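Q: Sequences are here, hints too, so could you generate the full structure?
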Amino acid sequence: MFSNYFPVENKLAVISGGSQGVGAAIAKALFARGAHVVVVARNVSKLQETVNEMESVRQNADQKAYFIQADLAIAEDSTRVFQELHSEPDIVMCCAGGSFPGLLIDQTTEDLKKGVDMNYMTALYFGHAALKAMARAKNTDTSSRHIMFFSSVVAFFPFIGYGQYAPLKAAVRSLADIMRHECIPYNIKVECIFPGNTLSEGYLIEEETKPAITKIIEGPSSAITSDECAKLILNKLDRGYEMITTDFIGWVLNTLSLGASPRTYNLFQTIVAIMIVIFGPVWNFFVNRDIQNYYKRNPYKRD
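Counting from 1, one number per residue, gives the positions in the sequence shown under the working numbering.
Treat the hints as calculated values from the structure; they're not laboratory data.
Treat the hints with caution; some may be incorrect.
DSSO-like, lysine-lysine: derived pairs with alpha carbons at most 27 Å apart [said to hold, decoys possible]:
id, residue 1, residue 2
1, 11, 296
2, 11, 138
3, 113, 210
4, 236, 64
5, 189, 132
6, 236, 114
7, 189, 215
8, 46, 138
9, 132, 64
10, 236, 11
11, 114, 210
12, 189, 138
13, 210, 296
14, 46, 231
15, 11, 64
16, 11, 189
17, 64, 189
18, 210, 46
19, 46, 64
20, 113, 64
21, 215, 132
22, 296, 215
23, 113, 215
24, 132, 11
25, 296, 64
26, 114, 138
27, 114, 64
28, 236, 189
Note that this is a predicted model, so its numbers are computed, not measured.
A: In structure tokens, the structure reads:
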């Protein structure tokens with residue numbers, strides 16, 4: 001039924017940020033494919049809800065579905081998760097994270113630290129602990145194991161309003177590129193996911209603090225549901241993609257910074273990249289003009 005690039009039946013998948021949103025949706029989808037799934041987050045009640053939802057799509061009596069409560073911004077908690085598993089993981093997904101948009105000038109140093117912890121340290125510590133656990137394991141299966149990082153399309157095109165978020169998601173992309181090299185000897189594939197707007201609990205909170213100028217630059221865009229996002233991601237994993245976007249604009253924005261990362265439709269991305277090089281300055285002109293016009297209409301009140 002599914003491609004051989006991402007077989008999951010009887011595999012153990014461990015998902016951080018699995019208590020809600022895309023993480024929870026992927027957990028349920030993997031369980032429906034016959035995987036064993038462990039979800040990890042801080043909120044016990046939400047974790048239990050995710051496990052209950054997984055049980056509704058159970059495929060066989062031998063499947064395992066449970067949660068581990070942990071604060072993954074603490075290195076020791078990330079290490080503990082892999083010590084508490086019933087077996088070595090085959091798939092690790094670093095989904096934890098969240099955006100609280102706002103102008104940097106309005107945010108406190110505590111807000112900034114929260115962004116670093118939530119969006120980078122969780123990925124760094126959890127990915128690091130996963131690599132150590134998987135590298136020690138005696139893997140007799142010829143199929144690849146997987147470590148996946150969740151970044152964001154704003155890693156490709158950062159702009160005003162995402163100062164507490166976009167730089168950390170760019171760092172996650174860089175971390176994935178480095179991990180991809182280090183995982184070669186262990187038959188571990190490393191993928192990086194760049195979701196667009198997803199209609200989740202986090203997205204609704206994000207909209208409450210998002211500055212008006214940020215919404216202007218983003219323009220109108222319809223958010224997809226967490227289930228739709230999970231389906232898109234798994235479909236591309238089935239096909240062997242290593243850099244995964246969930247919409248066309250994300251794929252186009254990826255061409256802004258191809259670097260040495262794996263490519264999707266290499267020839268077409270190269271052609272689009274050349275066009276972006278030519279028209280990028282024009283794009284930036286309009287973005288900068290929008291910002292200037294916004295502040296003319298809404299002068300910033302300094303304390």
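Q: Against which earlier hints does the structure fall short, listed by number upward?
A: 1, 6, 7, 8, 20, 21, 25, 26 and 27
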